Structures are given as C-alpha cells and as structure tokens.
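Peer 1: Protein chains in written order, with the working numbering: chain A, 3 to 147; chain H, 14 to 509; chain C, 272 to 773.
Keep in mind the hints are simulated off the structure, nothing from the lab.
Treat each hint with caution, since some may be false.
Okay, derived cross-link-like pairs now, BS3-like style, lysine-lysine, Cα gap no bigger than 25 angstroms in a straight line [what the hints assert, rightly or not]: (1) LYS61/A with LYS483/C; (2) LYS174/H with LYS644/C; (3) LYS130/A with LYS61/A; (4) LYS483/C with LYS123/H; (5) LYS130/A with LYS483/C; (6) LYS34/A with LYS130/A; (7) LYS174/H with LYS648/C; (8) LYS433/C with LYS38/A; (9) LYS34/A with LYS433/C; (10) LYS123/H with LYS174/H; (11) LYS644/C with LYS123/H.
Here the structure is a predicted model, which means the values were calculated and not measured.
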Amino acid sequence: MAGIIDIVYAEYNYWIYVTLMMIGFYAMIAKKNLIKKVIGANIFQTAIFLFYISLSDIKGGTEPILLHGETSTHAADIIYTNPVPHVLILTAIVVSVSTTALALALIIRIYEEYGSIEEDVILAARRKLNPEFSEYARQSEVDSQ
Amino acid sequence: MVTDNIQSITPVLAVLVSAIASVLILAFGRYPNIREGWTFVAAFIKFGLVLSMLPLILAGKTITYTLVEILPNIPITFKVDAFGELFAITASFLWILTTAYSIGYMRSLKEHAQTRYYFCFAIALSSAIGIAYSANLVTLFLFYEMLTISTYPLVAHIETKEAIDAGRKYLVYLMGSGVALLFSTILVYYYTGTTDFAFSGIAGLALIPKATLAFLFVMFMIGCAKAGFMPLHSWLPAAMIAPTPVSALLHAVAVVTAGVFTAVRIILYIFGVELMKSSGLWLYMAYFVSITIILASIYALSQNNLKKRLAYSTVSQLSYIVLGALLITPHGITGGMLHMPYHAFMKITLFMCAGALIVTAKKENISEMNGIARQMPITMIAFTIGALGMIGMPPAGGYVTKWYLLLGAAELDQMILVGVLLISAVLNAAYFFPVVYIAFFKEPDHELKYNEAPMFMLVPIVITAIISISFGVWPDAPGFFYDIVSIAVANVTGGI
Amino acid sequence: MTFDIITNNLPALTVIIPLIAGFLTPIIGWINRKLCWYHVMLTMFIVFLITASNLLTVINTGTIHYQFGGWAPPFGIEYVIDLLNGFVCIIIAFIGLMVSIYSKESIKKELPGKTIPYYSIYLLLVTGLMGMTITGDIFNFYVFLEISSLTAYALIAIGDRKDGIVASFNYLIMGTVAASFILLGIGYLYAVTGTLNMADMQNILPTIYDNKVVLAALAFFMAGFSIKVGLFPLHTWLPDAYTHAPSTSSALIAGLMTKVGAYAMIRFMFGVFTPAFVIDMTRMTEILTWAAALAIIVGSVLAIAQSDMKRMLAYSSVSQIGYILLGVGLANVIGMQGGLLHILNHAVMKSALFLVAGAIFYRTGIRNIHQFKGLGKRMPVTTTVFLIAGLSMIGVPGTVGFTSKWYLVLGSMEAGMWIFVLIILASSLLNLAYFWRVFDNIWFGHPHEVEKIKRDEAPLSMLIPMVILAGLCIFFGIFAYYPLHYILEPLSNMLLGIGVLP
C-alpha cells in the first residue's frame with residue numbers, strides 16, 4: 003500500500019490531471035444537460051492545461067526571465083522553467099474559450115428552438131418534427147405504391 | 014504465326030461513331046425523323062468503318078491503337094483481330110437492320126421515351142464494338158460495364174413494376190458478375206503483370222499453382238454471366254419484358270454474344286489452347302456447359318410465351334459457342350466461332366418474327382397462334398428458316414457449325430459430348446417444330462386475312478432470313494464469315 | 272522586386288490570404304453585400320493558383336521548407352510542403368473554389384441575411400484546413416485544427432434548420448474530445464522529445480520507441496483522428512452534421528474535412544512516427560485496416576437504409592473514408608497509392624453529389640429519395656451529374672472510382688489480405704444498391720406523368736461547378752496516370768521510407 007501511495011505522491015500532479023480529465027470526459031458523455039456537457043468539456047481541457055503546465059515546472063526553477071546583473075558564469079547555474087508549454091497553453095486557452103463561447107451560443111439557439119436543454123427532450127422533439135424520414139413513414143409510403 | 018501489326022485509329026472511330034450519334038440523338042429528341050436519321054447514318058458509317066478493316070484482317074494483319082494509359086501499365090488499347098472483327102461485323106450489320114425494325118416496332122406501338130431508347134441503343138452498340146476490339150481485359154471490362162448500364166433502361170423500358178423488377182434482376186446478375194470479372198482481371202494482372210490478349214494465351218499464367226488457376230477460371234466464367242451459363246441465366250428470360258427489338262438485338266446479339274465473346278476471348282486468348290489442354294480445365298467446363306445446353310432446351314419446351322421460349326433457346330445455343338471454344342481442336346473452335354454470327358443472324362430472325370407477331374397479330378403465346386401463317390406467311394416462312402437453322406438442318410447455316418462441333422468432339426474421343434450435341438438437336442426440334450406446325454397446319458379459330466407486318470419490320474426479317482440461308486448454301490463464300498473464322502482459328506492454334 | 276516578395280512567401284500566403292480575406296469579408300459586405308461572392312471567389316481562385324504553383328515547385332525541385340520570421344526550426348514555426356500536403360492543398364483549394372462559385376444562388380435561397388457571416392466563416396474554414404495541411408509544426412497543427420473545427424461547427428449551425436444546431440452541438444462535443452486527445456498526444460510527444468517540429472520529432476523518436484509515453488501518444492492521436500475522420504464506431508456525429516447543414520456547407524465539409532483528417536492521420540503515422548513503428552512495432556496500420564474494412568461494409572449497409580438523400584451520402588462517406596484508410600493501412604506502395612488517390616477521388620465525387628443534392632433541394636425542396644420521380648426530366652443536367660458521380664462511387668471503369676478500386680484490390684492482394692479484396696468488391700455492389708435506387712426514382716416510375724413535366728434546371732452558377740466536378744470524375748478516371756505517376760507513386764515510396772534515405 004505504501005508503495006502505491008508513494009507512487010501517487012511522487013507524481014501527484016499527473017494523478018490530478020488524469021482524475022480531472024476523466025471527470026470531464028464523464029460529464030461530456032453521460033450528462034443529459036447540454037450546459038453540463040460544456041462544463042465537462044471545460045474540465046477536460048483544463049486538465050490537459052494543467053498537465054502541460056506541470057510538465058514545464060522544474061523543482062527549484064525560476065521564471066524564464068533573464069535575471070539582471072548576472073554574469074555569464076552564474077547564468078549557467080540558474081534553472082529556468084520551460085516557457086514553451088506556457089505559451090502553448092495560452093493559445094490553447096484561447097481555443098478553449100472560443101469553443102465554449104460557440105457551444106453556449108448554440109445552446110441558446112437550441113433553447114430558443116426546442117424550449118429545453120435536456121438532450122432526451124430535444125431528441126423526442128426532433129423525432130416528432132421530422133416524420134418524413136422516420137422508418138415508419140418510409141415503410142407506409144413504400145406500401146402505398 | 015507472326016502477324017503484321019498496323020497502327021490505325023479506325024477501330025477507335027468505329028467505337029465512337031455511335032457514341033457521338035447518341036449525343037445527336039439526344040439533341041434532336043424532339044424531331045423523331047431527324048433522330049432516327051442519325052441512328053441510321055451512324056449505323057451505316059459504323060458498318061462501313063468495320064468493313065473497311067476487313068481486307069487487312071483477311072490479309073492476316075491486326076490493327077492496334079492505344080488511346081490512353083489510364084493507370085501506369087494499364088492502357089486502353091484497341092486491337093482488331095479476326096475474332097474481334099467477326100463479332101464487330103455481326104453486331105454492326107445487324108444494328109442497321111434492327112434500327113429499321115425498331116422504327117417500325119416503336120412507331121406502331123406508339124411507345125413512350127423513344128429518345129431514351131435510341132440513345133441507349135447507340136451507347137450499347139458502342140460498347141459492343143468496344144468489346145469486340147478490346148486488346149486487353151481492362152478495356153474489355155470498361156465496355157462490358159458500359160454495356161450493362163446502357164442496356165438497363167432498355168430492359169426496364171416500359172417502366173411497370175414488373176419491368177423494373179426485371180431490370181433490377183438484370184442489373185444484379187450482370188453487375189454482380191462484373192465484379193467477378195474485375196476480380197479475375199486484377200488477379201491476372203497481379204500474377205502476370207499484364208492483361209493483354211495474346212494468341213497463345215498469357216504465358217505467365219502457366220506458372221501459377223493449379224488450384225489458383227482453376228479458381229481464376231471459375232471466377233472468369235462467373236464473370237461471363239452475360240453468356241447465360243446455367244446457374245446464372247435467369248436474367249435472360251426475365252429481360253424478355255423489353256421491347257422486342259431490344260430482345261432481338263441485345264439479347265440475341267449484342268449482350269449475350271458479348272458475353273460469349275468474352276468467355277471465348279478468355280478461354281483462348283488469356284488461358285490459351287495449350288494451357289486449357291494441359292490443365293484439363295477444358296473438359297470440366299465442357300461438361301458444365303453441356304448441362305446448360307440440355308437443361309435450357311428442356312426449359313424451352315415448357316414455355317408458352319414465344320419470346321421466353323426463344324430466350325431459353327438462346328441460353329442453350331450460346332453454350333454451343335463456348336463448347337466449341339472448349340473443344341480445343343481447330344475443328345471444334347471453328348464450329349464455336351462460326352456459330353457466333355450464325356446464331357446471331359438466325360436468332361435475330363426468330364426474335365424479329367416474334368416481334369412482328371406482337372405488333373401485327375397482337376399474339377405472344379404459342380397456343381394462340383393457330384394458323385397464323387395464313388395471316389403472315391412471309392414472317393412465318395422466315396421463322397421456319399430460323400428454326401431449321403437452330404435445329405441444325407439445311408438450308409439454314411446451323412448444320413455447318415453443328416458438323417464442326419461434332420467433328421471436334423469426335424476427334425477428342427468425347428462421345429458424351431457428341432451425345433449431348435445430338436440430344437440437344439432433337440430437343441431443339443421438339444420445341445421449334447410445334448410452333449411451325451401450329452402456325453402452318455392448325456386450323457385458325459376464326460377466319461384470318463392476309464395482314465403482314467409493316468415494311469420497316471418485314472424487310473429486315475427477310476434480309477436476315479436470306480443471309481441465314483446463304484450460311485447453309487454457300488458457307489465458304491470468299492471474304493465471308495468462314496474466312497474470318499479460319500484466320501482466327503489459325504491464330505489461336507498456331508496456324509495448323 | 273515586389274514580385275520576389277510574393278514568390279518567396281508563397282507557402283505562407285496559402286494560409287494568410289484566406290485568413291485576411293476572411294476578415295475583410297465583413298468590410299466588403301458592409302460596402303455592398305453582392306461583392307462578397309466575387310471577393311470569395313477571387314480569393315479562392317488566387318489560393319488555387321498558389322497551391323498549384325506550390326505543387327509544381329515540389330514536383331520539379333523537391334520539398335519546400337518555409338521558415339516563419341527567419342527562425343530556423345526546431346525553434347521557429349516551419350511550413351513544409353512536400354508531395355503529400357501539396358497534393359491535399361490543391362484539392363482543398365479546388366473544392367473550395369467550386370463550392371464558392373456554387374454558393375451564390377444557394378446562399379441567397381437557404382441563408383438569406385446571413386451572406387456575410389457565411390462567406391467570412393467559409394474563408395476561415397479554408398484557412399484552417401490549409402494551415403492543418405501545410406504546417407510542419409505539431410502545435411501549429413493543433414491551432415489550425417481548432418480553427419477549422421470551430422468554423423465547421425458554425426457552418427453547420429448557420430442554417431435555419433433546427434436540426435442543424437443540434438447536429439452542430441453534437442459535432443462540437445465529439446470534436447472537442449478529439450481535439451483534446453490530439454492536444455494530449457502532442458503534450459506527451461513534447462514531453463519526451465522536447466521539440467514541436469514534425470521532422471525533428473521524427474528524427475528523435477526512433478531512439479525512444481520503447482518508451483510507453485510514445486505509445487500512449489500514438490494511441491491518443493489515432494483515437495482523436497478517428498473521430499475527426501468519422502471512422503466507423505466513432506462516426507456518430509457525421510451523418511447528422513452532413514444531413515442538416517446547409518447544402519453548400521455539406522458539400523464543403525463532406526468533401527474536405529474528413530479528407531484533411533485522413534491526411535493528418537497519414538502525416539502523423541508516417542511523418543511524425545516512422546513507418547517501422549506504425550507498421551511493424553505497434554501494428555497500428557493493421558488495426559486501421561480492420562477498422563476501415565468494417566467501416567466500408569457498415570457504412571454502405573447503413574446508406575442503403577436511408578431515405579434522406581443527404582443522409583445516404585453521409586453514410587456513404589463513412590464507407591468511403593474506410594477505402595482511404597484501408598489503402599493507407601495496407602502499408603504497401605500499391606495500397607498506399609490507392610488510398611491517397613481516393614482522397615482526390617472521393618473529394619471530387621462526394622462534393623459533386625452533395626452539390627447535386629443541394630441543387631435538387633434548391634429547386635424542389637425535396638430531400639426524400641422516394642419523391643424524386645420525374646426529376647430526370649425536370650433537371651436533366653443536375654441528374655446527369657448525379658449519374659456520373661454515382662457511377663463513380665460504384666466504381667464503373669472510366670470513372671475515378673474504378674482507379675482507386677483497382678489499386679485497393681491490387682494492394683490487398685499484395686498484402687495477402689484476400690478478405691479485403693472481397694470486402695472492397697462487395698462494397699461496390701452495395702454502392703450499386705443504394706445509388707441505383709436513386710437512379711430508378713429519378714428516371715423511372717411514372718412514364719405518363721413524366722411527359723408533362725417541364726424543364727426547370729438549377730441556375731448556371733450552380734450548374735458550372737457541378738458539371739466541372741462531374742467532368743473531373745471522368746477525367747481522372749481516364750487520365751489517372753498523371754496524378755499517379757507524378758505525385759502518388761513517389762509519395763507512397765517516400766511515406767513508406769522506400770527509396771529514400773531515412
């Protein structure tokens with residue numbers, strides 16, 4: 003048992019991201035409420051962001067800003083954290099925000115059209131609205147010929 | 014036997030003529046006279062082009078033209094050799110006659126969608142000539158599929174539920190078998206790197222394992238469902254719902270003969286005489302087609318509808334041609350190849366007579382035809398000539414081919430096959446003579462006056478009947494089918 | 272001198288021109304709404320010319336490397352155009368051009384009042400697809416993937432149909448999962464290699480193939496891209512999205528989105544990982560072929576069950592994507608050529624078919640196949656295009672479908688996978704079944720009513736792109752030699768690492 007705890011503790015950042023990601027994934031798939039799906043997507047993406055950020059961090063590292071007054075011999079001793087993942091994630095956050103915005107806009111439209119944001123209600127409404135392509139209508143048309 | 018090869022675009026033109034005509038037919042759809050004029054013009058030009066290549070073929074040369082390389086190593090190539098020319102002459106000449114006959118038939122019955130009819134007809138003819146002149150399996154497959162698709166609207170022409178169902182059946186059988194043909198084509202390419210027809214077969218095929226070879230052969234023969242081999246024949250009687258000119262040209266000449274042509278091409282020009290002999294495949298296949306010959310004749314006996322009876326007779330007769338190619342002796346092959354044009358001319362005569370009966374006497378069933386010869390003597394005399402040819406009695410040409418087939422079978426000591434040919438002749442007589450008897454000698458139910466079919470229909474019937482007789486009276490007329498066949502046979506057997 | 276600037280920066284311009292033009296569209300639309308169409312068409316035409324020039328350069332002189340801002344890789348972002356993405360880019364540009372011409376009338380009728388946003392998003396979608404294809408940087412790829420996805424969601428939802436919005440939302444959820452997987456895979460690869468440049472990554476990865484992280488990255492990429500291309504069990508977003516989008520959007524998205532997804536899959540398998548890894552070590556290609564074979568059959572069978580024309584075409588897309596991935600997964604030169612050729616072929620055929628569906632809907636408002644009776648007389652040109660494209664899908668010789676079928680069957684034989692031979696051939700019969708049903712309804716059925724039907728053809732600006740695409744269906748069916756010889760054969764050798772130094 004202790005061994006497992008040690009493993010978890012040693013890389014707890016990864017465990018957190020995996021847990022968060024699964025929570026988000028579950029919400030995206032299993033929740034019937036569209037807003038909750040979007041929240042799930044956000045959790046999912048945030049988990050990935052955390053993964054990137056924790057990746058870049060180095061124990062005892064400092065911000066990747068060139069320190070003033072350092073001579074070149076000292077410069078070699080300073081450990082910078084990796085700036086690249088931060089930059090990448092800034093972009094990814096923008097993407098995530100725009101996805102969320104678009105999703106919410108779509109939900110508003112869906113609510114206007116169907117009066118609900120519950121998936122099963124919408125599904126039932128769609129079945130009722132489009133009888134021309136339902137299997138029953140098709141069969142009866144074939145029979146009538 | 015080395016043959017000279019000439020580069021010439023003529024075969025391409027011969028194929029394209031009717032394709033171009035089809036566009037003109039579509040463009041002039043509103044003016045029936047001009048529309049049918051184009052069909053005639055195209056038919057004559059086509060026949061002229063095909064005929065113009067005959068002297069070269071008779072001189073032992075071949076004509077090739079590579080149109081385009083669609084895939085690396087896969088060109089669309091046309092090659093005119095004696096066997097292809099045989100089919101091309103038959104099909105293009107009969108197109109002229111059928112056009113005349115179609116005009117008479119379609120106008121008499123005031124059929125709908127005549128533009129579509131002539132359009133598809135022209136495309137189908139292009140495909141048939143394309144099949145005749147293909148130099149490799151890919152080119153052949155291209156036209157084979159074109160033929161299937163272009164004839165579908167002709168089969169389903171009357172657009173009733175029955176017709177569309179028949180069309181579907183036609184399509185499923187032929188496109189389904191097309192897949193088998195494609196598969197075997199790719200297999201040949203995979204093993205040998207070529208799909209070109211060669212006089213002695215593709216050499217590389219001799220190297221592949223026996224079991225694979227047999228499988229390949231079976232797939233090829235399934236691919237030739239157009240030839241109406243017995244388990245895959247049922248599209249042919251179903252397709253008789255088409256207008257009679259379609260049945261006549263397509264289901265006595267273009268489509269089925271294309272199928273048989275393809276089968277013979279594959280047997281002789283892909284596998285080759287040597288390989289067929291050494292692998293023993295010829296004998297199995299010969300027995301197999303014998304079953305078709307006998308069974309189809311028995312089926313024909315039970316048909317009351319005249320067109321259906323003719324259809325089953327076609328199924329049976331087509332297998333004669335394949336049987337001939339399978340009897341890998343010069344005599345057998347001669348018989349098979351010669352039967353191709355002979356059968357085409359005789360069967361088209363019969364079909365056109367059946368159509369004339371439908372148009373003029375409104376009769377489709379044999380049981381209703383008591384004494385019909387009093388009303389339509391010329392038609393029924395032509396019918397009798399065709400029937401005699403089918404049975405294999407002089408004066409029509411059937412006996413010539415049957416003679417060669419029997420000779421081939423006897424040379425190979427295959428007495429079973431000889432027996433099959435003889436039994437089938439008896440069966441042929443059994444289903445044709447009652448028609449002739451009913452028409453000529455039975456008392457009609459009520460008084461019948463002389464009332465022949467329209468001239469447009471009668472003239473083609475008379476012409477084909479006369480040519481059928483000429484086959485029997487003077488089969489070796491110079492430059493006639495026998496000469497072409499003897500060159501083709503010399504090609505494939507190495508000039509014996 | 273100014274000319275030099277343009278010619279030196281052509282790779283960048285491929286992406287930048289539609290991007291800038293996309294943002295200019297609202298301004299131009301504000302001046303005059305009618306100008307938008309000319310603007311988009313002109314932009315697409317210029318992009319097409321640029322991609323054509325890029326492709327020619329690649330064929331003649333080899334791969335183009337373009338470094339942004341003069342920063343050399345692996346630090347800067349690099350655009351790399353080789354035969355693969357040069358080929359895909361020209362397809363994107365061409366289909367984009369055709370659909371933009373078609374859009375004029377269709378948009379007027381289906382999306383009145385939304386002309387400006389439509390065209391703006393349209394160009395941004397093209398930007399996204401171009402960027403995904405052309406970039407040599409793995410994170411840059413992700414950004415463009417998201418641009419194309421977001422614009423695609425918008426294009427699907429832009430119509431008035433209620434279903435379109437729901438379809439778009441479902442697509443969004445699926446697409447987000449896919450993109451997140453891909454992002455995660457990128458993160459894994461970055462963690463183990465420390466670079467984002469694809470070529471650089473490919474050099475470093477072979478040394479660490481026993482690392483489990485690399486394996487996980489591959490798994491995430493394959494899962495993500497499988498959703499993006501709509502590979503069979505993950506295809507559920509696709510039929511709804513294609514069916515309920517406005518006609519032009521369907522044509523563009525059906526023609527391009529999944530193809531670019533397939534491109535990305537190929538690029539990641541053979542351009543980030545190495546052929547040895549995906550073929551022999553993980554046998555990913557083999558898994559892919561089986562999934563693809565399943566997709567071919569299931570897609571075709573489901574297509575037969577549909578009565579909505581666009582839905583039928585959507586399911587047929589599921590099956591056709593299977594062709595592409597099957598060819599790629601066979602991992603021999605011939606199969607690979609077949610798969611790549613089918614990218615071109617399917618883009619041409621499927622766009623044509625969706626454009627036809629749009630034209631029929633434009634004139635008659637009908638999408639149900641059973642109501643198509645008499646259309647052959649009413650819209651002869653449109654239905655002829657449908658016939659040609661449909662025959663191509665069936666794989667009749669002389670059309671594009673035949674050439675890819677030929678290569679796929681030959682490739683399957685080469686790989687010794689006879690079951691795939693059977694599946695490909697069986698699927699062409701299934702294609703026959705669902706297309707012939709439509710043909711029958713269009714041309715046969717009511718012979719006597721048909722005589723009364725008046726000709727009522729779609730407007731010229733819709734007909735021209737359809738006819739061109741149908742022409743290409745035949746052109747590339749007969750002259751497939753040229754793309755195969757000049758592009759696909761060297762390309763397949765390159766991807767499989769045959770004949771070039773590693």
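Peer 1: The structure should be examined with respect to each hint, and the outcome stated for every one.
Peer 2: Evaluation of the provided hints:
no., hint, in the structure
1, LYS61/A with LYS483/C, "holds, 24 angstroms"
2, LYS174/H with LYS644/C, "holds, 14 angstroms"
3, LYS130/A with LYS61/A, "violated, 60 angstroms"
4, LYS483/C with LYS123/H, "violated, 77 angstroms"
5, LYS130/A with LYS483/C, "violated, 50 angstroms"
6, LYS34/A with LYS130/A, "holds, 19 angstroms"
7, LYS174/H with LYS648/C, "holds, 20 angstroms"
8, LYS433/C with LYS38/A, "holds, 21 angstroms"
9, LYS34/A with LYS433/C, "holds, 19 angstroms"
10, LYS123/H with LYS174/H, "holds, 20 angstroms"
11, LYS644/C with LYS123/H, "holds, 23 angstroms"
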